[in-house]
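Participant: The residues making up each chain are set out below.
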Amino acid sequence: MPALDVDLLRADFPILSRIVRNGHKLIYLDNGATAQKPYSVVDAERDFYLNHNAAAHRGAHLLAEEATDAFEGARRTVASFLTAQVDEIIFTKSATESLNAVAYGFLNSSIGAQDTKSPFYVNSSMNIVVSELEHHANLLPWQQLAQRTGATLRWFPVDHQGRMNLQDINVIIDEKTAVVALTHQSNVTGAITDVERISKRVREVGSIFVLDACQSVPHFGVDVSALDIDFLTFSGHKALGPTGVGVLWGRYELLEQMPPMLTGGSMIESTTIDSAKFAAPPKRFEAGVPNMAQVVGLSAAIEYLNNVGMFAIEEHEQQLTARALEGLTAIPGLTIVGPTDLKERGGVLSFTVDGIHPHDMGQVLDDKGIAVRTGHHCAWPLMQSMKVQATTRASFYLYNTAHEIDELIAGIIDAKRFFKV
Amino acid sequence: MSLESLYQEIILDHYKNPHYKELHAPYDVEVHHNNPSCGDEVTLRLSVEKGIVASISWNGVGCSISQASTSIMCDLVNGSSKVQGLELERLFLELMQSKGNFSGDVEVLEDAVAFSGVAKYPARVKCALLGWMAFRDAALREN
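Those sequence lines, one after another, are chains A and B.
Per my numbering, residue 1 is the first one in the first sequence, and the count goes up by one each step.
Per my numbering, residue 1 is the first one in the second sequence, and the count goes up by one each step.
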C-alpha cells in the first residue's frame, strides 16, 4: 500500500494555500472541529443546485428523478463505506440530531401511549449508561432522557490518561440498562474506546449500544458489520463533507421498532386527519424535503476518502501523531491530556503548558498561522474530572504534513519564550 | 498587529501578579460569571458604603487577558463611587466593541487602555470583559 501523496492531495483543498496572519501560510490543525473541503465536494453540491435541483422523492418530472437518484445514490455510497445495508442509513442534519433521534426514540416509546415491550422502553427502574468522555452531543440527549423518564444516569469514569475506565463494567452495565451511549474516540483526549469489550457486556444484558463515531469514521475504517453495535453516527463536515448533514446508522430490526423524533411530510405510509401509519425506515426518519445538496456533497467526500484509502489515511495520521507526541513530550512543562501510547489513540492531541493558559497559547499559535482549538471542547464533565480548566487541542487529518507538526512544536516553544515560562 | 501590542507588558504583569485576587469577607454581594464557550470563570465580591466601592475581591481561572483585565478593573473601581465604576464599565465596553478603531481615553480608563489591542480579536473580547461584567452585575444587585 503506497503512502499517501500529501502534496498532491493538498492541491485539492484551496483553503490550505491561504495566507493568514502576518503573511503566514495556514496550518490547519483544528480538524476535530471541522475538516476542510476538497473541490470535488463543493463541485458536487454546486452541480446539484445548478443542474439537478428538485425535491427528491416528489414530483413526476425529470429533475425530481435525478434528485432522487442522487440522494439515493449517496445512501448507497454511505452504506458501502460503513459496510451497512442501504436501508439502515438515515440522513440527518448533524450527528447531534442523529443522537437526539435515538434518544427521542426511547422517550417517545416511554411516554404517552407506552409500549412496554419495545426495546426502546425505559422507565424509572432502569438506567442509561454514558461516560465522562462524552461530547455534550452524546451526553445531553441521554441526561435529559434520564431526567424525563426517571431512569438513572450512570457513567464510566475517565482515568488519568483520559481513557474510559471499564473496570466496573459489569456493575455499570446490568440487566436494567436500557441503553449504552459512548464515544468511539474522544474529541479531547483522542483515546479510542474498547468497543468489543463493551459490546460483549451489552449483549450479555440485552441492552442497546449507541456509538458516537464523529471522531473515528473520518479517520479510520469503521465497519458496522464487524462491530457488534446497534447505532452509529457521524457528521459530514468532519469527514470532508458539507455542514448540515449527518448520518445515523441503525440495525434494521431496531429501526423498525423505533418511533420517529420528527414527523411530517414523506415519512408516512398513510395518514388521516387524526392518525398516521409511519413509513418503513429509513424514510420514517427523514421527514420533510431532505438536505439533498449536502447529502450529495457528503457522498463526494466519501468517494474522495475512498480514493485516498482509509487505511492510508489512518497510517498517515498515526505517523503525524507519533511525531507530535515525541516533540510535545520533550517540551518541559507540557502535559499531554490523553494517552501517550499510540496504540490507544487517534490524531487528536490535547495538552496544557504550565503558566500559559490555552487561549494565550492559541493566540500565539494563531499569530504564526497555526489554527488549533482551545477551551473545554464541549466536554465539560471530562475537563472537570481530569481537573483541567481548558486545553489546547491539535487534531490532524489526511492533508497535514510532518512540517506542520514541526511548526506546531516550534510555536509552542516560542509561546513559552514569549510568556517567559 | 503584533503579539507584543496585544500582550502589553502591563497585562503580563497583572497576569503574573493579579491584584485583589483573594476573596474578601464580609461582603454585600457575590456573583459568579463564566464564559460558556471557554470555561473561564470569575467569582467577585463587592461591598459598597455610602455609594463608594469599599471593597472588591475576586477569584477565578482564565487566560492572561481575563485575569489581567479583572485585576486592572479592581484597581480602577476600588475606592471610586459605584456610579463612576459603572461609567468606567460602559467606557471599557465601548472600547472593546470598537474593533480596534480607537485606543481609549487614558485619562479615564488609565491602565485599562492596554486592552485596546484585544478589540481587534473578536474571540478575545469576552475574555477582557469577564471581570467587568461581573462587576457590573454585582454593582447593579447591590442597593
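Worth flagging that the hints you see were computed from the coordinates, not collected in a lab.
Check before you lean on any hint, since a few could be wrong.
As the list claims (entries may be wrong) - With beta-carbon atoms standing in for the labels, derived distance ranges:
#: 1; chain 1: B; residue 1: Q97; chain 2: A; residue 2: R18; range: 21 to 31 angstroms
#: 2; chain 1: A; residue 1: Q144; chain 2: B; residue 2: Q97; range: 33 to 43 angstroms
#: 3; chain 1: A; residue 1: Y49; chain 2: B; residue 2: L86; range: 17 to 27 angstroms
#: 4; chain 1: A; residue 1: E315; chain 2: B; residue 2: H24; range: 56 to 66 angstroms
#: 5; chain 1: A; residue 1: A280; chain 2: B; residue 2: N34; range: 38 to 48 angstroms
#: 6; chain 1: A; residue 1: G23; chain 2: B; residue 2: A123; range: 16 to 26 angstroms
#: 7; chain 1: A; residue 1: I19; chain 2: B; residue 2: F102; range: 25 to 35 angstroms
#: 8; chain 1: B; residue 1: F102; chain 2: A; residue 2: I111; range: 41 to 51 angstroms
#: 9; chain 1: A; residue 1: R417; chain 2: B; residue 2: I10; range: 17 to 27 angstroms
#: 10; chain 1: A; residue 1: H24; chain 2: B; residue 2: F102; range: 26 to 36 angstroms
#: 11; chain 1: B; residue 1: E4; chain 2: A; residue 2: S17; range: 23 to 33 angstroms
#: 12; chain 1: A; residue 1: Q144; chain 2: B; residue 2: A123; range: 22 to 32 angstroms
Claimed, not checked - Think about it this way: if two alpha-carbon atoms lie no more than 30 angstroms apart in a straight line, the pair counts; the simulated DSBU-like pairs of lysine-lysine are:
#: 13; chain 1: A; residue 1: K368; chain 2: B; residue 2: K120
#: 14; chain 1: B; residue 1: K120; chain 2: A; residue 2: K420
#: 15; chain 1: B; residue 1: K99; chain 2: A; residue 2: K368
#: 16; chain 1: A; residue 1: K387; chain 2: B; residue 2: K99
#: 17; chain 1: B; residue 1: K120; chain 2: A; residue 2: K416
Bear in mind the structure is a predicted one, so any value in this text is a computation, not a measurement.
Beta carbons are placed, not taken as given, at the ideal position from N, Cα and C, and that holds for glycine.
Participant: Indicate, hint by hint, whether the structure satisfies it.
Facilitator: Going down the list of hints, with the structure as the test:
1. B:Q97 to A:R18: 21 to 31 angstroms: 28 angstroms, holds
2. A:Q144 to B:Q97: 33 to 43 angstroms: Holds, at about 36 angstroms.
3. A:Y49 to B:L86: 17 to 27 angstroms: 51 angstroms, violated
4. A:E315 to B:H24: 56 to 66 angstroms: For H24 of chain B against E315 of chain A, whose Cβ atoms are near 57 angstroms apart, the range 56 to 66 angstroms holds.
5. A:A280 to B:N34: 38 to 48 angstroms: 46 angstroms, holds
6. A:G23 to B:A123: 16 to 26 angstroms: The hinted range 16 to 26 angstroms holds for G23 of chain A and A123 of chain B, with Cβ atoms some 21 angstroms apart.
7. A:I19 to B:F102: 25 to 35 angstroms: The hinted range 25 to 35 angstroms holds for I19 of chain A and F102 of chain B, with Cβ atoms some 28 angstroms apart.
8. B:F102 to A:I111: 41 to 51 angstroms: Because 56 angstroms falls outside the window, the suggested range is violated.
9. A:R417 to B:I10: 17 to 27 angstroms: 19 angstroms, holds
10. A:H24 to B:F102: 26 to 36 angstroms: With Cβ atoms ~28 angstroms apart, the hint holds.
11. B:E4 to A:S17: 23 to 33 angstroms: Given range 23 to 33 angstroms: holds, Cβ gap about 28 angstroms.
12. A:Q144 to B:A123: 22 to 32 angstroms: Given about 29 angstroms between the Cβ atoms, the range holds.
13. A:K368 to B:K120: Roughly 16 angstroms between the alpha carbons, so the hint for K368 of chain A and K120 of chain B holds.
14. B:K120 to A:K420: Roughly 24 angstroms between the alpha carbons, so the hint for K120 of chain B and K420 of chain A holds.
15. B:K99 to A:K368: 21 angstroms, holds
16. A:K387 to B:K99: With Cα atoms ~35 angstroms apart, K387 of chain A and K99 of chain B exceed 30 angstroms; violated.
17. B:K120 to A:K416: 23 angstroms, holds
This entry does not satisfy hints 3, 8, 16, going by the numbered hints stated previously.
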